[in-house]
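**Q** Here's the letter readout for the chains.
Protein chains: 4
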Amino acid sequence: MKKIPYLIKNVDLAPAGRQRTAWAAREMPVVGSLRKNYSRTKPFQGLRISCCLHITSETANLVIALKEAGAEVALAASNPLSTQDEVAAHLVRDHSISVFGLKGENERTYYTGIRALIERQPHLLVDDGADLIATVHRYKSLAGQILGATEETTTGVIRLTNLAQKKLLLFPVVAVNNADTKHLFDNRYGTGQSTVDGLLRATNILLAGKVAVICGYGWCGRGIAMRLKGMGARVIVTEVNPLRALEAVMDGYAVMPVKAAATVADLFITATGNTTVLSWETIRLMKDGAILANAGHFNVEIDLATLSKKALQKTRVRPYLDEYLLPGKRRVFVLGEGRLVNLACAEGHPAAVMDMSFANQFLSLKFLKENHPLSARVYPVPPEIDQAVATLKLKSMGVQVDRLSHIQKEYLHSWHLGT
Amino acid sequence: MKKIPYLIKNVDLAPAGRQRTAWAAREMPVVGSLRKNYSRTKPFQGLRISCCLHITSETANLVIALKEAGAEVALAASNPLSTQDEVAAHLVRDHSISVFGLKGENERTYYTGIRALIERQPHLLVDDGADLIATVHRYKSLAGQILGATEETTTGVIRLTNLAQKKLLLFPVVAVNNADTKHLFDNRYGTGQSTVDGLLRATNILLAGKVAVICGYGWCGRGIAMRLKGMGARVIVTEVNPLRALEAVMDGYAVMPVKAAATVADLFITATGNTTVLSWETIRLMKDGAILANAGHFNVEIDLATLSKKALQKTRVRPYLDEYLLPGKRRVFVLGEGRLVNLACAEGHPAAVMDMSFANQFLSLKFLKENHPLSARVYPVPPEIDQAVATLKLKSMGVQVDRLSHIQKEYLHSWHLGT
Amino acid sequence: MKKIPYLIKNVDLAPAGRQRTAWAAREMPVVGSLRKNYSRTKPFQGLRISCCLHITSETANLVIALKEAGAEVALAASNPLSTQDEVAAHLVRDHSISVFGLKGENERTYYTGIRALIERQPHLLVDDGADLIATVHRYKSLAGQILGATEETTTGVIRLTNLAQKKLLLFPVVAVNNADTKHLFDNRYGTGQSTVDGLLRATNILLAGKVAVICGYGWCGRGIAMRLKGMGARVIVTEVNPLRALEAVMDGYAVMPVKAAATVADLFITATGNTTVLSWETIRLMKDGAILANAGHFNVEIDLATLSKKALQKTRVRPYLDEYLLPGKRRVFVLGEGRLVNLACAEGHPAAVMDMSFANQFLSLKFLKENHPLSARVYPVPPEIDQAVATLKLKSMGVQVDRLSHIQKEYLHSWHLGT
Amino acid sequence: MKKIPYLIKNVDLAPAGRQRTAWAAREMPVVGSLRKNYSRTKPFQGLRISCCLHITSETANLVIALKEAGAEVALAASNPLSTQDEVAAHLVRDHSISVFGLKGENERTYYTGIRALIERQPHLLVDDGADLIATVHRYKSLAGQILGATEETTTGVIRLTNLAQKKLLLFPVVAVNNADTKHLFDNRYGTGQSTVDGLLRATNILLAGKVAVICGYGWCGRGIAMRLKGMGARVIVTEVNPLRALEAVMDGYAVMPVKAAATVADLFITATGNTTVLSWETIRLMKDGAILANAGHFNVEIDLATLSKKALQKTRVRPYLDEYLLPGKRRVFVLGEGRLVNLACAEGHPAAVMDMSFANQFLSLKFLKENHPLSARVYPVPPEIDQAVATLKLKSMGVQVDRLSHIQKEYLHSWHLGT
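Chains as they are written, first to last, in our numbering: chain S, 1 to 419; chain Y, 1 to 419; chain G, 1 to 419; chain U, 1 to 419.
No wet-lab data here; the hints were simulated from the structure. Check before you lean on any hint, since a few could be wrong.
To be verified - Taking lysine-lysine pairs in the DSS-like style, the calculated list, with each CA pair at most 27 Å apart, reads: (1) Y/309 <-> S/409; (2) Y/259 <-> S/395; (3) G/366 <-> Y/395.
With the sequences and hints as input, model every part of the structure.
**A** Here you go:
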């Protein structure tokens, strides 16, 4: 084993991590085919890639593929609670990849990882929430050699777009989140299922018959709403956007202000990308026993600071489940300390959706390198990449689609054909 | 009654049309509020507006609102089978609006109506399928005074975009279809429900347990799929676009080539905007008793010409339901002569969705007038219009949404806040 | 044409009735196979069968099958609004079957039909709601030759069970309604779909986003709830039975008392088999524009008598849709005069479910004849009949099931096998 | 701590068990109210109750309630894999209840527990799968003092009914499984959700887009089918009963023989109560990577014996997930060693449904005691108990239902009211 820097829990956990990574690989045929193809041509030869991602078995498959395609890869955790320690061990021991992250790390360790990613003078960045890119922008002198970056999340893309609008962005960024094969799948089907999974693992409550509030009806929110409805819950949606609110109504959900929902619901899940969505003013209206969880990227959607201050007592009643005793003897329960419930309480997105997100990551990095230099803007994923990922995925599932006939292609390009 | 030109079935049907229009008005509060507001300020005073739309009770509410806002309005049928004759009578007799169209009219009458719309030298056009605009482009000398046009359908927008790309477009067109409050609602919830309605009225078959093929997984297709699944059918989707195919798979539908679906399904519905989707090669593979319907704009999706040629016999077995006897004693049934099944066999989109589409029409016409001259391109509906329509609609339903707090607005515009 | 007594609208409508009956026959393969088999052996030779049923194309297929199996059949309407006049004509002219019923008949005509059924001294009765059987019990002298009867509905079975408990029942009755292949299918999938169909034909309102109250969560109620949810409505259930209420909660519906639901809903559908479910006290709480319909057997579930008395004005706004103007300028709309909405406003159950109900009718009549004399009780449909109907139906759909292996049969009969 | 016999993993796990039991108690308000009421009157004073149940936090709440109602209670595991060791510790240490069971115990330990339950000469038995009752029937001399027993599962009721039909049953048994508040809820909503939960914890695969086969469309099977559909899977049902097969078709599922399903599906779940449902002949037809799980009571539904013999290699790839390498390089994966997937891989039924099952258990034991002696038959749960449980449950959820008015009660008991 080559000597590399790393900061992980225990390198001896590698065998379990290897198995877990292999299990994920079964569900990641698209990344698998990229790995196979590009291990020969090695398009990333000579490049350092720094990844700030959730350290999971799915991420492992991406960074291994990048390494086999020629890159020197390092990986740091994008969230203090989401690291799978055995996977970190597997990457360090079996693949000699630098990893920084351990489940439950504190903030200092978290930023140590991010700093390590920057100090190695990477050529390409892969980010999840834009903490890595934002940090680079605080230490601009370190950004010189960077060809570009990719960003995985809605939250991160919003931050980077703000940065670009203020003309402060230093290098091109591909908004991987906005690829159709990413956000239409990962955010909807991935977050939808894994949020249910996190809820069940943390609480084991019966969802049928429960009243659940989903704050936010973006792609994540509608995925969660769809799945909770599919499990028999009665769903209420809260929104700030009238168009989305109207869609939620038409999809059969009740829509109301969050304070009105507070008094009638059993369960609250935030998925807005915004802050203080469940404020103390809202929490204090809730029924005894209400359960709160966050499925948005950052742990700011539930105002835990104020809740902690107001609570008489806080008790851990199950792993990742805290009871807050409020004045008046009412209790509320918070899952995973308000962090991403699907990562903190379950295993994050299923491998099958990460397969598409990460295939977009891989091909977007290749695009950044091949098209260097690009001006410092936020770019969409090129549509050819999106199509290629979808086509590879369908193929791996054995699903066939139709092709346009000659007459159909012609028809689509005409304007004079009518009634 | 002012003397105006018209070509309709029977002006004495007006009382029934008045009642039907009033019933639709109950479900059209947004158009109702525009009508009320602008009947005072009359923004269209002195303008001639020519509308080529389905002549239904919903359209009646739009054209009445335009007239009360000062316009001189004329209306011709955008489809030979969709006219509600009593509504036409109501518009002519009670509102002195020129109407051209009668249910079941032939092609000659159809184009007579379109010509009449053009010859009155309109300032604004409202189109549904782009037949009116396309005809104007054949007789360019008549286009001089035209300020602009709006287009209601996906199909029409595709035609007009082709025209614009070829630099042939003569005036600005607003793609009303592309407004979120139009295509997300009208195409999905409207077409979804009314296609089921058309199927039931035409056949009265039990949908539960039937295998239904939906060709095309655009907004219309997914609306139809969702509703047929909601009625207990087992849905197969066919697509040419891998991304949409993948979404259909993830939404729980079987996806396969149309020829594979042909041999196992009971029911086929096209919603692609393309031609020859159910070709003779596909139809000949179908089971005895298969039912075919089209929910796309034009009657070209089922290849009826070849089917008619190959069939040994054609019999009308119920209104809008024809049996074709094929060689080998198999029979297939075609609904509404392959025209839009929701309009031919039922009453078209429910008023509640047309309310939003037509509010976009009204405000887009106002936009064209107020921003004249605009260059000859295809324009999206301005987002303010979209938001305004959504907000008015929610208000009419008594649904309230949240507002962003100060701290939330600030958060959304920042880039340095992180983990 | 043999000279037979009849009372119908117009015998010249026969051709349309023939076509409609043939269309239903396509979806009734089980009755079709009984008709084919027993037209040879004629098990009902020499018997007079009197049927009080909805006069529809599905019923036509049953009575034709009974006639071809040797019976002399007469048919009277079981509901004044449900008769398909052209089907009545077809039975009279083409099959020489006595029919009494015309759409919209008054009460006198209705009982004329029932009396005619009794006066011909039938051997077997087929009833739908138990009006025929109840009338026979008022004129007991006419019951002497009756071998037995069958009853189609939940409502009728309740009435007959009450009669039997009071020791007043004069002959055996088979509760066809209680066959699994009847009530699990006809009540749930049949009523579910056809109630939606009736709603759409009568109102053409958009169901997505509407709040709908279903009164009663029996088989009919849950069928309607399931389909309205499938069309995008938000469903509230009202119940008197705690078990059913709990099931509705777990199925994801809101459950509340009808008066609480009255103030928030757009749409109300009764399916309880009871009276005065929507009382004036409830109706007066409803929102302006509320729509009321009944899917239960008798027109007693909505208290129309009191509503009519309290209303300032009643106007027919569409066919089968009446507006009642209430004090305070609010309006409510009632469908089909409070009669079975699926029959009054649409075409009743789809043929595919009536196929199973009527196959049970046919085989239960055969059972009554072959097992005569039976004591005067209410009998369930023999399980062999139920199984036979299910097996024939699956076969007609091309669906195959597994068979128990030898080892599996043995396992199911053992008690000593354990962990 | 009183000296009592027990055989558990580690008594020091008690604190974690106490917390887990308290968490379950939150969702078990009906058992909670029985515990509260009967801790005063102590109806079981002087009686020994032996329970063979899954040792979970929900069961803990039942046995504590029984003890507080005066009984001397002992508990043994009804399944070798389902024991929550910390809960066992809590019952022993904090409640002085004899417990026999540890997660992963072997068959000898399993029967040691059952023997211990018998040798203490119990007055009442509570069984889950009928292993305890069956063992008593092998050692008849020990059955003298037994007043009766209750049985929790479909499987157990089938065994006991066979025993009764052979006139071998020694004492009365209440079929708690058959209570509506048990099997309609526990089997459907409980098994439905917890099977999904087990699947996700064991595999973390994306369910959306997967083809899942459910063997058996009883209450468990339809619960699983409903939830998997709700998670986006495409469901195929296999059945031996034509009625259930027909219901599955009408509910929108594909139905086919298990061997036909074997070649197309990704996932197989058995829920039949029968043996060898997934035989080697079926397994050998499956696609590479197929996943097999059992949700039926006993581990006999998947023929693991033959599979193990035919497999070239068996590897544990994740906890409770074994890979079998088959000839031809195909692999199949088996969850939880073919034992109840919801108990082996997740936490079993959610407390909210066990609340109702166990309230029925409690009240049925009380019924057996109060009505002693009863003849040796299998009894249904008395309907008053069922109603009482439903009413208590609704009350705890804050759900209100309607009451029949005087006029409605009268109507339901009449027979002469008609059209």
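**Q** Each hint: holds or not?
**A** For each hint, the structure was consulted:
Proximity of residue 309 of chain Y to residue 409 of chain S is assessed by CA-CA distance (about 24 Å); at most 27 Å being required, the pair is judged to hold. About 18 Å separates the Cα atoms of residue 259 of chain Y and residue 395 of chain S, which keeps this hinted pair within 27 Å; it holds. Note on residue 366 of chain G and residue 395 of chain Y: the hinted pairing is violated, with a Cα-Cα distance of about 61 Å set against a maximum of 27 Å.
In terms of the numbered hints stated before, the structure departs from hint 3 and from no other.
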